[in-house]
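One line per chain: the protein sequences are L and E, in this order.
Read in order, the letters of the first sequence are residues 1 to 819 in the numbering used here.
Read in order, the letters of the second sequence are residues 820 to 1259 in the numbering used here.
Hints in this document: simulated from the structure, not taken from any laboratory.
Hints are supplied without guarantee of correctness; some may be wrong.
Below, computed lysine-lysine pairings styled on DSS-like, alpha-carbon distance capped at 25 Å [unchecked claim]:
1. K705(L) - K737(L)
2. K1152(E) - K1179(E)
3. K496(L) - K991(E)
4. K1179(E) - K1251(E)
5. K496(L) - K1092(E)
6. K1121(E) - K1136(E)
7. K586(L) - K341(L)
8. K1013(E) - K928(E)
9. K496(L) - K1093(E)
Take a look, some chain E residues computed to stay more than 12 Å from chain L by CB distance [to be verified]:
10. P890
11. E894
12. G915
13. K1099
14. K1152
15. D1196
16. K1224
Label-pair distances were calculated between CB atoms; the ranges are [unchecked claim]:
17. E121(L) - D888(E): 56 to 62 Å
18. K705(L) - G935(E): 53 to 59 Å
19. H1120(E) - S202(L): 46 to 52 Å
Note that beta-carbon positions come from the ideal geometry of N, C-alpha and C, so glycine has one too.
Below, each chain spelled out in residue letters.
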Amino acid sequence: MLNSNQRSEFAQSSPDRREPWKKMTGVAAVLQKWLGTGRISNNLVFDHRVGAAEGQSLPLPSHLSATIHKALGAKEIPSLYSHQAQAVDYAMKGEHLVIATPTASGKSLCYNLPVLQALSEAPSTRALYLFPTKALSRDQEENLRGLMQDCGIHAGAVTYDGDTPADARRAARNRGGVVLTNPDMLHTGILPHHASWARLFSELKYVVVDELHIYRGVFGSHLANVLRRLKRIANFHGADPTFIFASATIGNPAEHAGQMIGESVRLVSESGAPTGDKRVLLYNPPVVNAELGIRESCVKAAVRLAADLVRADVSTIVFGQSRNGVEVMLKYLRERLARDKISPEQIHAYRGGYLPGKRREIEKNLREGRIKCVVATNALELGIDIGSLDAVVCAGYPGSIASVWQRFGRAGRRRDLSLAVLVTNSSPVDQFFAHFPEALVESGTEHARIDPDNIEIFIQHLKCAAFELPFEVGHTFGDVPPEGLVDGLEYLVENKLLYRSESEDGVTMYHWAADAYPANHVSLRSVSWDNFVIIDQENEKTIAEMDWRSTHTMLHEQAIYQHMGEQFQVEKLDFDNHKAFVRKVKPDYYTDAMTYVRVAVLDQDEGEVLPTSIGINAQIGLGEVNLTEKIVGYKKIKYNTHENVGYGDVRLPDMQMHTTSFWLTIPNEMVTQLDAPRPVVVDALRGFAKALHTVSAVGLMTDPKDLGHTVKDPQTGEETLDEGHSLYAPTVFIYDKIPGGVGLAPRIFDERDGLVKGAYLLIERCTCRHGCPACIGPSIGDDQISQETQNFGSRKSLSLRIGSWLSNHPSEVIDDVAH
Amino acid sequence: MSHIKRRLARLNGSGGRQEDEAPKTISAKSSGGALDGVKLAQFRGRLRGLGRGKRNEDSSLIADIERVDLPGVEENFGQSKIQIVRETFHGKASHGDFMVDSLWRDYPKLGNFLNGADLGENIGPNVLFLDTETTGLAGGTGTIPFMIGLGYFQGGTFNTEQLILRQPGQEKPILRYVAEKIEAADALITFNGKSYDLPLIRSRCVLGRVKLREPGLHLDLLHGCRRIFGGITTDGRLTTLERDILGFIREDDIPGAEIPEAYFEFLRSGETKKIHQIAKHNLWDLLAMAALMNASGLYTHKPQSHDDARVWLAVAKLNRRLSWDTDAIERAKEVCACSDAANVALQGALLLAQMYRRQKLYRDAADCLEMILAKDDGAFDSAPLNEAHLVLAKIYEHQLKDLTKALHYARLSPPLEERHLSQKRVSRIESKMMRLQVEA
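Let the sequences and hints guide you as you build the complete structure.
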């Protein structure tokens, strides 16, 4: 809640007097209204002002050609922002650089200008642009073509991806001055055929990697290896390109870019772009069930706030967490605003599954103001050009602070006041920010972490590289130590994938010697690219696509699939042929899949004891596990009331994942000491695990979705853990939810003392009485267990006792901390 | 320390440590020896971890290779040596039912038919047949053509040369040799070489920095033979054509899919038995191409049997495609006259009618179709039959102005067009008739 000073600040920023005969419009008017309504202001837990910045401009660099000067002049760009000028300067000197400035600060000009200059000096010059999505390449292609035309440059700009028709592919190979593609296509479509791309590689002067912050974890580690291959191939064809990276604000842009290419990289991070005043608010929806600690749905709250904005003629973007969430909000918003005579056509959804043509149309209508409000997934977080909007409403914490600011950056005009609201949901991490909102501005943004030497990833790319060009002893591969490279090559020789021979002058060479075409078997993303198509049975038209991983939860048979504000029911899922057949329905519910996870420990790497305050040691471990995720059924959830109105079965193949996990085993003596039936204790432990998951995600500054947790009790018989591992007592697993792992579990293992204590404090401090979603989460829903739990105090009190023992705190000390 | 721990040490250490400041140097080039040492140790530790339990201990297989038994002999080429298998086929050599000879020179149109476009001149005897055996079927720069078979005519003989790569890394002289041969020939003849063999050789030349001039003319028999024999073979593969057209059946041929592995096996163990098989396979491919040239020439020159009405129809279509209308009409008439292949005759009539309509000879167009339809004994396939009815309906309605007949054929033709269109046609003709009756 806001204090009185903050309130008066609200009053100041609102218009002086209300003129009742005029409809109040604009951001300021909405702020005033929200302040005036107790219902809303009571729940505003944070109000932060990001002051306007005048910006700093520098004249157009004189070393840019006259035609570029003229073209920019015609576009009314008489000068550059200081960061743009700096970036152009570095790039033209051939220094690798990374531009890490906020959204909408003109990053694309930073890399387009040096490329245009190079093309105007020598039309045979080539540049390669990498974007993480196809949509972004198309967007930039249009933009770049326009610039080229204005500058009188005739070299083409061609997007080369899976959608490029055959004749355009030939054109890209031979005539494309700038080839725009994605890392996956570079990896499977271009590098393995580099001989056909000789013209591109031999004249390659610039490589642009936009949206660098996306390439984290496994994907980033893959890209770093693809770039090692790219550099090697370019060198073979006689080129040594300069790399230009562009990134959203992350904690370590220069380090991250440097790791990508194994060379040092110049940093350009001081934005010279002017910005208007921005108000950042955090809205924590009211508690609707104090007993259960349940708050009003953030979806509904976000819809209410967005509706206020749209009514006041404020162009607004609403971010949802999932495709489903987006569709639900679209439906609610359209219904709500229909009462105000606002046409549904002015409110649109935008998300990954829409076909490219539809997306272009929405983007265009947004830029031109025909759409007032767009409800989007993170697909719009990236640099799609939709112009600037006045307000952002973000329904739920998107998983990282960097992402919050990326989304907030979507609002903001040069001069006017803009508004950014984070609406928190009931989830623990969201509630963490609701209680500590300063963390949004004070704790800085996350660091992007990659491990280019992750051995599984490295070896895959070493194969691809050897296929592309034989290795000779003395060749380099990025910053891999030469002896390590030879070791890797010898490893592949032993596995009969490479053939070692001596050249005529006695140099040892390694040739690819296997039939398989290695790049085809290496996917850069942990998520499969093999999309499912969704077909409307009415007219047999493909209405959307969905990636393989989401299929299990969103396209199982009988699922309600939401698309463009309409509901479809999945009638048939052809799993083998990747097709889902749907039919339009008008249900009063949507579906939510229920999953079940099985864990098998494959290999234990670390094992230690964790002393507790009751003198019994708990066991902790770290190792490789095999996870099997099964969709066991689905719930039907009623619109508006969100009641559970039924269940259904799902039959789908299990999803398996090999990853790294941290685990914590509660000895049976400890279970006994709790003096409650075993299932009740295990259910309470599940609550503690939930809190540990939350605290680990916040502590490691990672997306909670990158971690998973589960609790297994071998004695209940339902779980089978691998033999030979002495996990005979209830065990909490917290694991990397990314195949192979990206090193989160080991960090939990190392920082377990602080995290276990943090989990305890999270439960301790939560204002709920018997446990809520923000701390220990729901019970497994078994009525008998719930019934029994009541006989032994609450589930929360049991979780707390476990927590206090594990964090080795006598209870009186805990009381001190708590009060 | 376990491999996981090492991996972690890295993740916790250099991966995440330098958090706030951009590191001055990250590159291995500029980093000190000590750092390299640590990195290398981590690397080796990780590599050891990778092979856990899966490593193939038997690395002794990759021993020095004995090359005693490779087919062919080592010959000097410039400064280098190349392993070559040479064969010579004299005078009356044949492959199946056809000669391996440059007899096709007698058929001036053959090159045009095979190429699908007018070449302006006949192909001479100075051609180069080329077929490669490779280490992978998926293509890509890393696929190596380890055996390149060449065939050419010299004097009265057909000579073949098969160049074998004794080990990867010794490809350059072979590529240079092949590049010279391609440059010296008037035409290159391959089977699927436009999309497979030639791009592969081109890629390897880029990699080996060998200059390769594009062939003056490239006839790809895959496409040429599909145009000519498509109607009488089940698929377009070389061995199918060899069996169905040339009447040659290979015995003890190595399946194409086994070829890459056979070469890797040779590299690993020195075992050459399968290399001999591959050389035989490659030689058959070369002979089959040469014989197919003759077969194509002969078949397109005159029909070989009644079964070949389809080939004759294909020849008629090729003539039309090349805009040799007179010949197209003559060939199509001959197809129509072929009494024991009703459907082919109907196809011929459709083609003939099309040619006549192009020349505005509408009466002739209608006649040729009706003549064939008169023989209808229920043997016609519905698709060409419907097409014939539709063509007749159009000719009678618009050109010959015989509405009764137009209506007759329009009623017979529905399924070919969108249903509402055909109904429209019927009702339009009916209303035209009404109008005429009223006027009368």
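Which of the listed hints are broken here?
-> none
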